[in-house]
Amino acid sequence: MRIICHVAVNVFKESVRDKVLYNLVAFASLLIAVSYLLGQLTAGQDVKIVKDLGLAAIATFGLLIAVFIGIGLVWKEVERRSIYGLLSKPIRRSEFIVGKYAGLALTLLVNVVVMTVVFYAVLAYLNTQFPAAVRSAWPAPATDPGMLPAIVLIFVELLLVTAIALFFSTFSSPFLSAALTVGLWVIGHFNADLRNFEAVVESRPAAYLARGLYYLLPNFAAFDIKTQVVHALPVPAAYVVTTALYGLLYVALLLTGAVVIFSRRDFK
Amino acid sequence: MDAISTESLTKHYHIGFWRPRPYVALDALSLSVRQGEVFGFLGPNGAGKTTTLKLLMQLIYPTSGRAEILGRPVGDVAVRRRIGYLPENPYFYDYLTAEELLEYFGGLFGYSGADRHKRVGTLLDEVGIGAERRLQLRKFSKGMLQRVGIAQALINDPEVVFFDEPMSGLDPLGRREIRQLILKLRDRGCTVFFSSHVLSDAEALCSRVAVLAGGRLVAAGDLSELLAFQVRGWELVVNGLTDAALDQAKASGRVTQATALGGQRFALELPLSVVPADLLAGLTAQGAQLVSINPVRETLEDFFVRQIGAAPKDRGLGEVAR
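So the protein lines, in turn, are chains A and B. First residue of the first sequence? That's 985 in my numbering, and the numbers climb one at a time after it. First residue of the second sequence? That's 453 in my numbering, and the numbers climb one at a time after it.
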């Protein structure tokens, strides 16, 4: 565990030195700029739009970090041969993989937490800009803590995307890893269509294949409860917990696969 | 117990995409390195030296055979607590400073706090990294990176250290410092296994060497024994040698080469078959005096060139399969 933490802290340090956290400035600037512009254009709907946009931005910025850093995590070490010095030390290959993953997860956590703080700060400011009569017409207060479960699931989704990117990066090039990761993410958002595929095709093998893929591929759509929380619709706690556990189980499987592949690799 | 031992250690690769052909990177290497010695692992580029080191570090897995370090299989993580490794042309995390890199690696061995910091400082001093230790490694020259690479290999005070081309990228002063460092390591009981194609370094440092060519071990043993058996003649330095006496000695075929050293002083090279005393008797009768007599021994370079020249070149699997 000590070794894993040690590797993870180093990955976090790399992210900071590579100026990954600069994206937070971009996020904050975007949110503040949009809030200001909307304030000039619409009345009453501003808060809902900012909520929509803020949650989507947290997910998108996180996704970009997860994919583009995730695909290079292992590849860069192998390509630049820094792995030679590292693996000759008392560290197992499994600890290396898990440590690398934990480091990027820590980077994402810091990102998501800071983005969430900025998001709520902008909403709190907007809240002061409206009279009580307008505020009372909103389905939920501007700084509704009910949005936090959506952010938790966004974070779990990012953990899953990171695990997919890391899995592919243990055996393929960054370009291929990026293409496969993004491809899986897109398919995962249309996962429900695979389930219903048998209703629209007559071929039984095709239906079985679609059903098999439905169970095999990660269901990213399940993590998306942004619309519900923005409209203050109830989201059962059990759903959030089960979905988070589903994501974490998938992460565990992918990391196991990454460790198995990485442990057999020759570093020529 | 040997510091390092390999038994029929073999590594094949498959090259080519559509029709992969086997390529023998290392063929049945059996080797043993005793504790506390400086062992030179020599061979031209592509001989299989780095492949062997990677197999010993388990960066690659053998096709067959086995390897042990300090009596334990190379895959054992506990063994890695007791060894150090400098890769060829080392590259480290360029966003870290030299100090941070060593702190990071030190942490993997469980060092922490002031102890780790002190150890890092001492090692960087030892390899000649001064104020630059607080610069990011991306600003380091090749020679400085090599020094950092050597320091990181020694962070755990290893019992066995593996250096892959340790002198690469170093200036003459740096090479001398690293030579001194290797001897210092030997003096404190550390086994040093280093690969090189710089033979003068091996000759100056090693007690034993192995020569690898085309993935095969072509010679191994005590350096003094390997070269002592290859005395190829004698060198006589004589004074007061007249031209007539010199011509006569040359004409007899007993002198293969005569080099004028100044005045009537000459260095005469005799083949091994000539008894120096017989020639000397003739020369002294003509007024010459003996200054010195020495056996002309083969240098490591001569030995190396001869061994490499004799080694088979083909590395396809069919050629080496036994």
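Any given hint could turn out to be false.
Some chain A residues close to chain B (C-beta under 10 angstroms, calculated; not the full set) [to be verified]:
| hint | residue |
| --- | --- |
| 1 | H990 |
| 2 | V991 |
| 3 | N1007 |
| 4 | R1065 |
| 5 | G1069 |
| 6 | L1071 |
| 7 | R1076 |
| 8 | W1169 |
None of these hints come from the bench; they were simulated from the model. Beta carbons are placed, not taken as given, at the ideal position from N, Cα and C, and that holds for glycine.
Tested hints:
Restraint check, H990 (chain A) versus chain B: the minimum CB separation of about 5 angstroms is within 10 angstroms; hint holds. For V991 (chain A), the interface hint holds, since its Cβ comes within 10 angstroms of a Cβ in chain B; the closest pair sits about 8 angstroms apart. Restraint check, N1007 (chain A) versus chain B: the minimum CB separation of about 17 angstroms is more than 10 angstroms; hint violated. Satisfaction of the interface hint for R1065 (chain A) is found here, the shortest Cβ-Cβ separation to chain B being roughly 5 angstroms, below the 10 angstroms cut-off.
A distance limit of 10 angstroms between C-beta atoms decides the matter here; for G1069 (chain A) the minimum to chain B is near 6 angstroms, and the interface restraint holds. Restraint check, L1071 (chain A) versus chain B: the minimum CB separation of about 6 angstroms is within 10 angstroms; hint holds. With 10 angstroms as the threshold, the beta carbon of R1076 (chain A) comes within range of chain B, its nearest partner Cβ sitting at about 6 angstroms, so the hint holds. The beta carbon of W1169 (chain A) comes no nearer than 28 angstroms to any beta carbon in chain B, farther than 10 angstroms, and the hint placing it at the interface is violated.
Going down the numbered hints, you'll see the structure goes against 3 and 8, while the others check out.
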